[in-house]
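Novice: Spelled out from the first residue to the last, the chains are:
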Amino acid sequence: MSELMLEGFNLALYGMGFVFTFLVLLVFLTVAMSAAVSRFSPPAPTVVPRRRTSKRKDSGSGASAKSADKAQIVAAITAAVRQHRQSD
Amino acid sequence: MSELMLEGFNLALYGMGFVFTFLVLLVFLTVAMSAAVSRFSPPAPTVVPRRRTSKRKDSGSGASAKSADKAQIVAAITAAVRQHRQSD
Amino acid sequence: MSELMLEGFNLALYGMGFVFTFLVLLVFLTVAMSAAVSRFSPPAPTVVPRRRTSKRKDSGSGASAKSADKAQIVAAITAAVRQHRQSD
Amino acid sequence: MDQLIELWQSTGIYQMEPKQLLMILVSLVLLYLAIAKKFEPLLLLPIGFGGMLANIPGVEIAVGDGVLAQFYSMGLSTGIFPLLIFLGVGSMTDFGPLLANPKTLLLGAAAQFGIFATVLGALFFSDLGLFDFTIRQAAAIGIIGGADGPTAIYVAGMLAPELLGAIAVSAYSYMALVPLIQPPIMRALTTVQERKIEMTQLRAVSQREKILFPLLLLILVALVIPSAAPLLGMFCLGNLMRECGVVDRLTKTAQNALINTVTILLGLAVGSRLIAEQFLVPSTLGILALGIVAFSIGTASGVLMAKLMNALSSSKINPLIGAAGVSAVPMAARVANRLGTEANPHNFLLMHAMGPNVAGVIGSAVAAGILIQIVG
Amino acid sequence: MDQLIELWQSTGIYQMEPKQLLMILVSLVLLYLAIAKKFEPLLLLPIGFGGMLANIPGVEIAVGDGVLAQFYSMGLSTGIFPLLIFLGVGSMTDFGPLLANPKTLLLGAAAQFGIFATVLGALFFSDLGLFDFTIRQAAAIGIIGGADGPTAIYVAGMLAPELLGAIAVSAYSYMALVPLIQPPIMRALTTVQERKIEMTQLRAVSQREKILFPLLLLILVALVIPSAAPLLGMFCLGNLMRECGVVDRLTKTAQNALINTVTILLGLAVGSRLIAEQFLVPSTLGILALGIVAFSIGTASGVLMAKLMNALSSSKINPLIGAAGVSAVPMAARVANRLGTEANPHNFLLMHAMGPNVAGVIGSAVAAGILIQIVG
Amino acid sequence: MDQLIELWQSTGIYQMEPKQLLMILVSLVLLYLAIAKKFEPLLLLPIGFGGMLANIPGVEIAVGDGVLAQFYSMGLSTGIFPLLIFLGVGSMTDFGPLLANPKTLLLGAAAQFGIFATVLGALFFSDLGLFDFTIRQAAAIGIIGGADGPTAIYVAGMLAPELLGAIAVSAYSYMALVPLIQPPIMRALTTVQERKIEMTQLRAVSQREKILFPLLLLILVALVIPSAAPLLGMFCLGNLMRECGVVDRLTKTAQNALINTVTILLGLAVGSRLIAEQFLVPSTLGILALGIVAFSIGTASGVLMAKLMNALSSSKINPLIGAAGVSAVPMAARVANRLGTEANPHNFLLMHAMGPNVAGVIGSAVAAGILIQIVG
Ligand code: NA
Ligand code: NA
Ligand code: NA
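Residue numbers (UniProt numbering), protein chains in the order written: chain A, 1 to 88; chain B, 1 to 88; chain C, 1 to 88; chain D, 1 to 376; chain E, 1 to 376; chain F, 1 to 376.
One chain only, chain A, in its complex shape (with noise of 0.2 Å):
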C-alpha cells in the first residue's frame, strides 16, 4: 500500500474515532444536562407556546394557530353584529 494510502486510513481511522468519541461525550453531558434541569426546575409547565421568531412551517402548531385565529374573528364579528343590532 502507498504511504498515500497510509496516510489515509489513518486520517479516516482517527477521524471517524474522534467524531464518535465527541459523539458520545455529547450524548453523555446532554443527559446529564436534562437531568439536572428537570432537577432544579422541576414541575414547570414545560412546552410554553413560544414566540415564533423561525419561518419553519410545521403543519400541526400553524393550523391550530389558524383556527384559534378565526374562531377570534368569528367571536369579533359576533360581538360587532350584536352591538349593532343593539344600537339600531
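You may find that some hints are simply not true.
[As the list claims (entries may be wrong)] Label pairs and their computed distance ranges (CB to CB):
#, chain 1, residue 1, chain 2, residue 2, range
1, E, VAL293, B, GLY17, 52 to 62 Å
2, B, LEU25, E, SER73, 29 to 39 Å
3, F, GLY376, A, ALA32, 50 to 60 Å
4, F, THR134, A, GLU3, 54 to 64 Å
5, F, GLY376, B, LEU13, 55 to 65 Å
6, D, ARG203, E, TYR32, 20 to 30 Å
7, A, THR21, F, GLY376, 51 to 61 Å
Since the hints were made in silico from the structure, they are not lab data.
Only a predicted model underlies this, so the values are computations on that prediction, with no experimental measurement involved.
Heads up, the beta-carbon is just placed ideally off N, CA and C, and yes, glycines get one too.
Keeping the supplied structure of chain A fixed, place chains B, C, D, E and F with the ligands upon it in accordance with the hints.
Specialist: Just chains B, C, D, E and F with the ligands, lined up with the frame of chain A:
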C-alpha cells in the same frame, strides 16, 4: 474638425449602431422565444395570479386584487353572520 | 500636582466648557427655530398622526391607534352587515 | 490660554472656507429638493447629507480614513454598490409589458441617442476651449442621458471618478425633473391627433416567457457586448429571482433590506464626492448644462422613433410612449400616461409606456457597456 | 473600419472558446435544475447564474477586479460567508427532537463514515493514477459526504480552493437528489418489519435545556476539537439567539435579511469558481463520482448504526431514521418519514428523524474540524 | 501512536491555560446576565459569546485571520460599526419631548461631568502609581460615563483599542445596572417634596420642527466641534430619515436589518477583545471601578443641575429627570419615571425624562468629539 471630435463622432456612430443592433436582435429573439413558448406549452391558463413579492404599485392589478379581497371579506362576514344567526 | 494631572484638569475644564457652550447654543437655536417655524406656518394642525416606522413602544398613542383600528373594523362590519341584509 | 486658542482654531467657524460654506448650502438645497419637493428622495437625501458631512472643515470624513471615504472605496471604486442596486432593481422590474409588445424595445434604443449626442456636446465644449473634457470624461457625462442613476454612477466610477459627484447629482436631479422637462418636447413633436391614439390592451404574458427573458438577454449580452455583462448580469439575476418563483425569500431581501442598505451607503459615498475642491469647478456647470440637453435629446429621439415606426408599420403606437424610452422608471411612463389622458380621457398608456421604459434601462446599460469598451 | 474590426473582436461571439460555451451550457443546466426541478434553488440559482457570468469571454467578472472575484475574496477566501450562513442555519434549527432523544446523536456520528470513506476513495483514485488528488484535496472532496453545503464550502475554501466549484456543485446537487439516492439503499438494508417500527411520541423539552444545549456543545468543541470552533461556534450562537428569547430582533434578522443576503453573495462567489479553466478538468468528473459514493455510504452507515443500536438496546428505533444522519436538512428526514409511512400508514417518523438530521450537521462540522486539524 | 499524541495535543483540554478558562467563565457570566437578567442582551449576548470564542485555545478566531479578528478590523478599527449603529439609533429616536422643552438639553450637558471626572480619576490612579493610564487611555475610560455604548466603543477604538474590551463590557454592564445604581443617588440628592413636582403636559411638536432639528444640530456641530461630526452626523442622518417622511423604506431598514446585522457583528468584534492576554490585566479592574464612579457622578450632576435650574427659574422641573441626562436610553428615563410615581402616584415623568435622555446622547457625543480633538 479636431481629432477629438472625430473620435467622438466615431464613438457616437459605433455606439448608436451597436445599441440598435443589440436591441433589434433582442426584438427578434424575444419574438422567437415567445412563439416557441406558446408552441410548446399551448393552451395553459397563462396569467396565473402570481404571489407578489414586489412592492411596485401597479394600480390596475392592485385594484382588482383589492376588490377581490373585499369580496372575500364580505363573503366571510356574510357566512359568519349566517352562522351566528343559526346558532342563535 | 503632576504634569499629567494638570493636563487632565485642563482637559476637564475645556471639555465641560465646550459641552455646555455647545448645548446652550443648541438651546437658543432650537428655541429660535421653533419660534420661526410657528411664525411662518402658524395654525396648521400640528401633530399629524404620523406613519409609524419606529418599533418603539409608546403605550399612549399605540392604544389610541388600536382603538381607532377597532372602530374602523366595527364600522366596516356594520356596513357589511347592512349591505348583506339589503341584498337578502 | 494657548490651549483655548488651539481649541478655537479647531472649530468649524475658524476653519470654514467660503467654498465649503457654499457646498453646505448646495447640499441643503439638495436636501430641500429631496424632502419638500420629493426629488428622488431615496438617493438625493443621503447624497445631500453626505455632501454636508464631506464639507465640514477640520475633520476627515470624506477623505483619508473617514467613514464616507471608506464607503466610497468599498462600494464605488469597486463598482459593487451600483451593481447590487441593479440586482434589486431587476428584482422589482416587470418585463411583462415589454414581452407583450417587444418592438417597444426599439424606442428604448432610440432614446439612447441622448447619450451619444451629449458625448459629442461635451467634446464640442472641449473643442471650443470652454472646458477641457477628455474622451473618457465626455463618455461619463454622456451617460447622464441614460436617465438611470446606478448606470451613471457605475460608468462615472469607471471612466471619470473625479466627475462622479457632479454626474450623479445631475442625473438624479434631472430624473426628478422629468415631469417638467419632457412634456413641452413631447407636445412640440406630436400632433393632438397622434397623442389621442389609443393602444389595444396588452396580451397576457406567461410565467415561462418571463423566466426565459432574463436568460435570453444575458446570453445576448455575453455574445454581443460582454462589457455590459456586469450591469445587465446583476439586473437579469434579480429579475430571474423574481420571476422563477422558487427563491422568493432571496427576492424579498434583494427588494428590501439589501437594496435599502446599499442605497444609504451608496448615497453617502456619492455625497463624499461633493467636497468643495472637486465639485466647485467650472466643469460642474458644464455637466449640469449637458445633462439637461441629454434628457431633452433622448426624449425627442424616443418620440421621433415612435413616429418613424408608425410611418413604417400599420399597427399604430402612441408616439408619447417613445419618450418613456429614456428610462427614468417609472416617472417617464407616468408622464406619457398623463399627456395621453390629457388628449383623450380614455387613453391609458401607463402599461404601454412601461415597455419602452424598461427597454430604456437595457438600452442605457448596453450603451454603458459600449462606452466602457471603446474608451475605457 | 479598423475600429469596426476591433469592435467585432470585442464581441463574445468572436472571443467565445468552446469550453466557455460548454460551461455556459452547464450553468444553464444548473439553472434548469434549480428552477424547474427545485434542486436546492436558493443556492443553485445564484451558483448557476454566477457560472454563466464567470464564463462570459472578454470581460473580467470572475477574475481580477471583477465583481464576482471580489465577492469571492471578500467572503470565501476569508470563510466569512459560510460562517454567516451557519449563524443563520443555527438560528433556524430546533434541537428539541434531538434533546428529547439524545442517543440519535450516534446516528449523526455513524453517517459521517461517508466522509472518511470518500477520502479513502479519492486517495485510491490517486493511487491508481486515475487522478492526482493530494491529501488536502481528498479531505475536501470527502466532506461532500457531510451533505451540508456551507460546511463543504468552508472546508474546500480552506483545504482546496481550486476544487471549490466542483465540490459545491456536487454537494448541492446530491443534496437535492437525496430523495432519489437514499430510498433504494434504505430499502436494501432494512426489512419491512424494521421499517414498520413505530416510535413513541417525543417528550416535551424545556426552554432551559434548549438554551443550555448550544453552550454545552460549544464548550465540548472548545475542549475536544478547537478547529471545529468557528463553524460550530457560529452555529451555536445562532441557536442560542433563537432559544434565549431576549434577542428576538437579532434572531429575525439572522433568519432573514442576513442569511438571504449572504446566500446571494455566496452563491455568486461559488459560481465564480465555475470558470472553464478550473471546472472543465478531469478531476471534476472524479469529484462528481465520489460525491454520490459519499452520500450512499453515509446513508448506509447511518441505517446500519441504527440496526446495531437496536441489537444492543431494548428500546427500538426505526432504522430508517439512521439515514437522516447524513444531514441534508430537512430532506433526509422527510425521506425517512415517507418510507416509514409507506410501510406503515400510522408511522410518523418526521420528528424522530429530525434528531439524527441535526446531529448530522454537528457530526459533519466535527469531521470538518478534524480534517482541517490533521491535514490543514 | 505519534499521531494520536499529536491529536491529543491539539485538543482544548491539553492546550487550555487557566486564564483562558477564567475568561470563558467570565464570558459565561456575561451570557448569564444577558439571558437570565436581561442585561442589555442585544449587545452582551454577542459580546459574551464572542468572548467564549476568543478564548478557545489552539484555533485562531480572535487573532490573525480568524473570523472575529476580521470583523474587528472591518468594523471597529475603521469605526464603521459604531457609526452604523448610531445611524440606526438616530432613526429610532424621537426628539419630540426635547423640542417641546429645549432647556432639558442643559441636563444632558451637566450629566457629562461624569465623563470628565472619570478622566481625572483615571489620571489620579496613574499619579498614585496604581495603574499606568496614559491621557488617551484616561479619556477612553472616561467616556464610559457617557452611558452610551456605541459612543464608548467608537472613542475606545480611536484612542485606546487595547482597552476596548474592558471599556465596552463596563459600559454595557453599568447601563444595565442603571436601575440599581441611580435610585440611591437620586434619593439622596432630592427631597420628597422635589420628587413630587408634577410637570405640565408637553406641547405638540410639528413635523417641520422635527425635520429641521437634526439639520440644525449637524450645522452647529460643523461650526463648533467638527470632530464630533462622524458620530452626530450619522445620528442626525438617521433621525432626518425618520422624520422627513419621504424615505420610509430606508428608515425601516436602518431600524431593523441594518442595525441588527451590525449589532451582531459589532458584538462579536468587541467579544474578540476579551482574549485573556488583553482582558486579564489589572487595568480592567481599574476600568470597572472607574466606570461605576462615572455613572454615579453623571447621575448626581444631572440631578444637581436640575435643582440649580429650579433655583434660577420660576417654571419648576422635577429634579429626578436630571438623572436621565446620562443617556442610557430609555432605561434612565424609566428610572426617573418610577421614582416620580413612587413619590406621587399622579406623577408621569416618562415623556419629560426622554428630553434629557436623548440630550445625554448628544452631550456625550459632543464630549467624545472634544476628547478626540484634544488628546487624539
Ligand atoms: Na436609459
Ligand atoms: Na452531515
Ligand atoms: Na450620555
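Novice: State for each hint whether it applies.
Specialist: Taking the hints in turn, this is what the structure says about them:
Judged by the Cβ atoms, the range 52 to 62 Å given for VAL293/E and GLY17/B holds: they are separated by roughly 55 Å. Under the hint 29 to 39 Å, the C-beta atoms of LEU25/B and SER73/E, about 35 Å apart, fit the expected range. Look at GLY376/F against ALA32/A: about 52 Å separates their beta carbons, and that is inside 50 to 60 Å. Checked against the hint of 54 to 64 Å, the C-beta distance between THR134/F and GLU3/A comes to roughly 57 Å, which is consistent with it.
For the hinted restraint 55 to 65 Å between GLY376/F and LEU13/B, the CB-CB distance of approximately 57 Å keeps it satisfied. ARG203/D and TYR32/E have their C-beta atoms about 26 Å apart, which keeps the hinted 20 to 30 Å range intact. THR21/A and GLY376/F have their C-beta atoms about 52 Å apart, which keeps the hinted 51 to 61 Å range intact.
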